[in-house]
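J.: Chains as they are written, first to last, in our numbering: chain H, 1 to 195; chain S, 1 to 622.
Any given hint could turn out to be false.
Subject to a maximum C-alpha distance of 25 Å in a straight line, what follows is the list of computed SDA-like cross-link-like pairs (lysine to any residue) [to be verified]:
1. S/Lys-524 with S/Gly-414
2. S/Lys-2 with H/Lys-90
3. S/Lys-2 with H/Tyr-190
If you want the footprint, here are the derived chain S segments under chain H, 3+ residues with CB under 8 Å [unchecked claim]:
4. 160 to 172
5. 317 to 329
6. 353 to 362
7. 580 to 588
Every beta carbon over 10 Å from chain H, so not counted as near; a handful from chain S, in silico [stated by the list, open to error]:
8. Asp-529
9. Ser-564
10. Ile-570
Quick caveat, the hints were computed from the structure, so don't treat them as lab data.
Even for Gly, the Cβ is constructed at its ideal location relative to N, Cα and C.
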Amino acid sequence: MMDKDILICGVGGQGTVLASRIIAAAAMAEGHTVHSAETIGMAQRGGPVTSHVRIGEAAYSPLIPLGKADLIIGFEPSEVVRNIAYLSQKGIAVVNTAAVKPVTASLSGSGYDGSEMTEYLNKRGGCIFADGVAECEKLGSVKFLNILLLGIAAGSGRLGMQKETLIAEIEKRVPGKFREANIKAFMSGYDIGKK
Amino acid sequence: MKEYVMGNGAIALGALKAGVNIACGYPGTPSSEIIETIAKYPHEGLHLEWSVNEKAALEVAAAAAYSGARALVTMKQVGLNVASDPLMSLAYVGVEGGMVVVSADDPGPISSQTEQDSRRFAEFARIPVFDPSSPEEAFEMIQDAFEYSEKYKTPVIFRPTTRVDHGYASVEAPDTYIPKEFDGFKKDAGRFVIFPRLSYKNHGMIEERNVRIGEDFSSYRFNTTEGAASEKAVLSGGISYMYAKEFLKDHPEVKHIRIATAYPFPESFVLEKLKGVKEVMCLEELSPYLEEQLLKLAGKHGLSVKVYGKLTGHVPAMGENSADSAKAILERYLGIQEAEKAAPEEIPPLPARPPVLCAGCPHRASFYAVKKAMEGQKTYYCGDIGCYTLGNAMPLDMVDTCLCMGAGVTMAQGFSHIDKEVLPNGKSLKRLKAGAGSPEPSSGAEKEGKAFAFIGDSTFFASGLTGVVNAVYNEADITVCILDNSTTAMTGHQPHPGTGRNMMGHVTQKVSIPAILEAIGLTKVVTVDPLDLEKAVAAVKECTALEGVKAIIFKSPCIAIERSSKKCVITDSCVNCKKCIRETGCPALSLTEGRVNIDASLCTGCGLCAQVCPVSAIGGAS
Chain H
1 MMDKDILICG VGGQGTVLAS RIIAAAAMAE GHTVHSAETI GMAQRGGPVT
51 SHVRIGEAAY SPLIPLGKAD LIIGFEPSEV VRNIAYLSQK GIAVVNTAAV
101 KPVTASLSGS GYDGSEMTEY LNKRGGCIFA DGVAECEKLG SVKFLNILLL
151 GIAAGSGRLG MQKETLIAEI EKRVPGKFRE ANIKAFMSGY DIGKK
Chain S
1 MKEYVMGNGA IALGALKAGV NIACGYPGTP SSEIIETIAK YPHEGLHLEW
51 SVNEKAALEV AAAAAYSGAR ALVTMKQVGL NVASDPLMSL AYVGVEGGMV
101 VVSADDPGPI SSQTEQDSRR FAEFARIPVF DPSSPEEAFE MIQDAFEYSE
151 KYKTPVIFRP TTRVDHGYAS VEAPDTYIPK EFDGFKKDAG RFVIFPRLSY
201 KNHGMIEERN VRIGEDFSSY RFNTTEGAAS EKAVLSGGIS YMYAKEFLKD
251 HPEVKHIRIA TAYPFPESFV LEKLKGVKEV MCLEELSPYL EEQLLKLAGK
301 HGLSVKVYGK LTGHVPAMGE NSADSAKAIL ERYLGIQEAE KAAPEEIPPL
351 PARPPVLCAG CPHRASFYAV KKAMEGQKTY YCGDIGCYTL GNAMPLDMVD
401 TCLCMGAGVT MAQGFSHIDK EVLPNGKSLK RLKAGAGSPE PSSGAEKEGK
451 AFAFIGDSTF FASGLTGVVN AVYNEADITV CILDNSTTAM TGHQPHPGTG
501 RNMMGHVTQK VSIPAILEAI GLTKVVTVDP LDLEKAVAAV KECTALEGVK
551 AIIFKSPCIA IERSSKKCVI TDSCVNCKKC IRETGCPALS LTEGRVNIDA
601 SLCTGCGLCA QVCPVSAIGG AS
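Between the sequences and the hints, there should be enough to build the whole structure, so can you do that?
T.: So this is what it looks like as structure tokens:
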């Protein structure tokens with residue numbers, strides 16, 4: 001049986017919840033026991049959000065202990081840094097390099113653009129970087145960001161599940177007219193992750 | 001059929017499996033998804049409702065339970081405060097059918113005003129409490145809760161915490177819903193009409209019964225022990241049981257006692273398990289409830305056992321526990337050398353991300369209109385519970401107080417009376433004015449601020465309405481701003497009396513907020529579109545110029561419900577003054593390479609920034 005801890009992090013509204021539900025459903029479809037936990041409520045409004053997906057029988061706590069995550073799927077560079085202590089020494093992080101600027105940064109003119117975070121993560125190592133927003137724009141809409149990042153994670157081989165299982169779960173959850181575009185986003189992510 | 005559901009979903013499915021006949025609640029994080037899940041599964045023949053508030057929910061359910069039906073009531077922990085009046089009395093009267101009151105606690109707190117502990121409420125009301133540690137267990141335990149409630153003819157509290165409510169797991173969902181059969185209400189005034197004599201009699205009965213329940217709980221299936229007999233034991237409950245278990249799986253030499261029924265405390269069970277134990281570490285969240293029960297037990301039976309936990313500073317008094325904090329506490333307790341840890345990585349300073357009103361949220365425009373209209377005047381801005389509490393954030397800075405549901409309306413009155421009637425030296429301004437001459441009217445006027453209440457539509461129905469009646473009756477001078485987005489947004493868009501639909505799937509008569517306010521007899525009631533800044537500002541000025549109780553209904557739908565395809569765009573005439581960012585703080589506006597930019601993926605085209613722009617450089621909104 002597989003034991004795997006996956007942390008998904010980003011900013012409220014980026015679509016982290018759908019990504020975590022697809023991973024959980026795919027893991028179950030492959031016969032694993034899954035537990036997960038999500039940020040809900042006030043913090044969702046533009047605040048940092050995380051989903052913890054724990055695959056395997058030995059996970060009791062709904063939240064991943066520090067230093068135990070096998071994979072981080074990061075929707076925003078500073079959110080990856082905020083959660084980096086969860087990553088295990090052998091773990092890897094998929095990082096969307098496109099920053100989400102908080103209102104506080106715009107008001108203070110701090111000029112946060114994520115580059116400092118990406119530099120730090122680059123030095124640290126163990127990361128797969130992609131400008132998810134630019135990649136999605138190629139596909140016509142930033143709405144596919146979550147599926148694209150999921151594709152990268154799948155392509156990296158660190159999710160430990162078949163891409164067909166994931167695609168089947170995406171198809172179940174995405175409305176018909178967007179299905180094809182989402183699969184395309186997943187596959188272009190998959191190719192990035194494979195490299 | 002196996003279903004992967006949230007803990008709240010597991011509670012709902014467990015209740016359905018128990019044949020619950022009626023389910024009522026008021027939305028509140030982390031409890032809201034219980035009622036919503038029931039709505040999604042087969043439940044024909046069940047009455048389901050979002051009640052107007054928790055008190056109403058509990059009373060509706062109580063009548064059903066008097067009739068022998070199984071009743072479920074759901075709320076967050078502060079909702080139990082609202083429902084405490086009927087609950088305290090109901091505890092004396094008891095029930096016929098099983099009645100479970102779910103009160104979801106929120107250690108952290110993550111989305112709440114308080115870190116109160118519903119286990120204490122159970123003891124206060126002298127009724128049993130169940131404390132699940134996982135979604136799977138919650139599914140089983142809610143069914144047990146109905147059984148015990150019926151067995152002892154008492155309402156019981158079911159107390160999950162946020163991590164159980166919002167954790168996901170697989171449970172065996174019932175394929176069909178089979179409602180519990182019941183006989184209906186049998187009149188019995190000696191039983192169902194609470195009088196002092198009945199309360200006296202039942203008080204004695206309840207105390208005697210609770211001793212029996214404590215004995216019964218001593219063999220309850222979720223009061224458990226693991227690990228070998230040891231002198232140092234761990235006692236836990238709720239989610240902390242899982243955190244301790246995560247660590248103790250590598251230390252089977254340590255005895256781990258878990259209490260799922262904090263009250264009545266399963267004394268015999270704990271006494272038995274404490275044999276040979278010299279020290280106990282209590283791991284729990286919120287209050288040191290189990291710890292105190294253990295201390296009482298030790299005192300009562302003269303046990304020589306050292307009890308550690310929150311009272312001894314070994315466990316933090318506030319906030320959540322976690323697998324990591326439990327590990328650290330237990331390693332210290334057991335004298336286990338911590339594994340050599342790499343020094344924590346030096347990370348660059350992170351941007352703060354306080355929660356904010358969504359881009360395009362009509363509340364932002366409402367707050368901005370009041371702010372503009374009242375520029376330079378002394379004001380009191382009394383906020384309330386909902387998305388609009390976020391009006392406190394810079395640059396809006398429009399929430400001076402926030403206390404509890406509905407408090408904004410009544411607190412605004414307090415400020416108005418303090419300013420207009422009460423002098424710091426204790427003399428009444430009104431009385432002075434009524435007397436001969438007009439002693440220093442100017443100094444009084446300078447001192448007077450304009451008091452505002454900001455309240456959402458759902459909160460208005462829940463607990464704002466009576467406050468408005470109080471204002472009219474007691475001659476307050478306030479402006480009530482009703483931020484009407486036609487939903488209960490913060491908790492996930494539940495319908496309410498003003499929306500015209502209910503949880504039975506029926507289209508209902510919309511209860512009209514303006515009609516209610518007119519009927520109460522306010523000085524003025526106006527409805528405006530907050531996204532029309534000029535008109536909104538004019539409405540605020542018009543109302544605040546009048547004496548008495550005025551109401552402005554800022555009506556515009558929640559952007560998460562009515563999706564807009566409109567976008568605002570910055571045109572070439574932008575002079576980059578950044579006023580739009582400075583004044584509105586809309587998250588769709590930011591600086592990109594030094595220039596004001598609108599994030600098209602966030603913008604809803606509300607047009608507030610376009611109305612704020614001094615050079616009309618923002619287009620796109622109609």
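J.: It remains to establish, for every hint, whether it holds in the given structure.
T.: Here is what the structure says about each hint:
1. S/Lys-524 with S/Gly-414: Satisfied, since the Cα-Cα distance of roughly 20 Å is no more than 25 Å.
2. S/Lys-2 with H/Lys-90: Roughly 34 Å separates the two Cα atoms, so the pair is violated.
3. S/Lys-2 with H/Tyr-190: With a Cα-Cα distance of about 30 Å, the restraint between S/Lys-2 and H/Tyr-190 is violated, given a limit of 25 Å.
4. 160 to 172: Held - the region 160 to 172 of chain S has 7 residues with a Cβ nearer than 8 Å to chain H, which meets the minimum of three.
5. 317 to 329: Per the Cβ count (4), the hint holds.
6. 353 to 362: holds (count 6)
7. 580 to 588: It holds: at least three residues are needed, and the region 580 to 588 of chain S offers 5 whose Cβ sits within less than 8 Å of chain H.
8. Asp-529: It holds; S/Asp-529 is separated from chain H by about 23 Å at its closest Cβ, greater than 10 Å.
9. Ser-564: Non-interface label stands for S/Ser-564: nearest chain H Cβ at 15 Å, farther than 10 Å.
10. Ile-570: Given that every Cβ of chain H is farther than 10 Å from that of S/Ile-570, nearest at about 14 Å, it holds.
Comparing the model with each earlier hint shows violations of hints 2 and 3; every other hint is respected.
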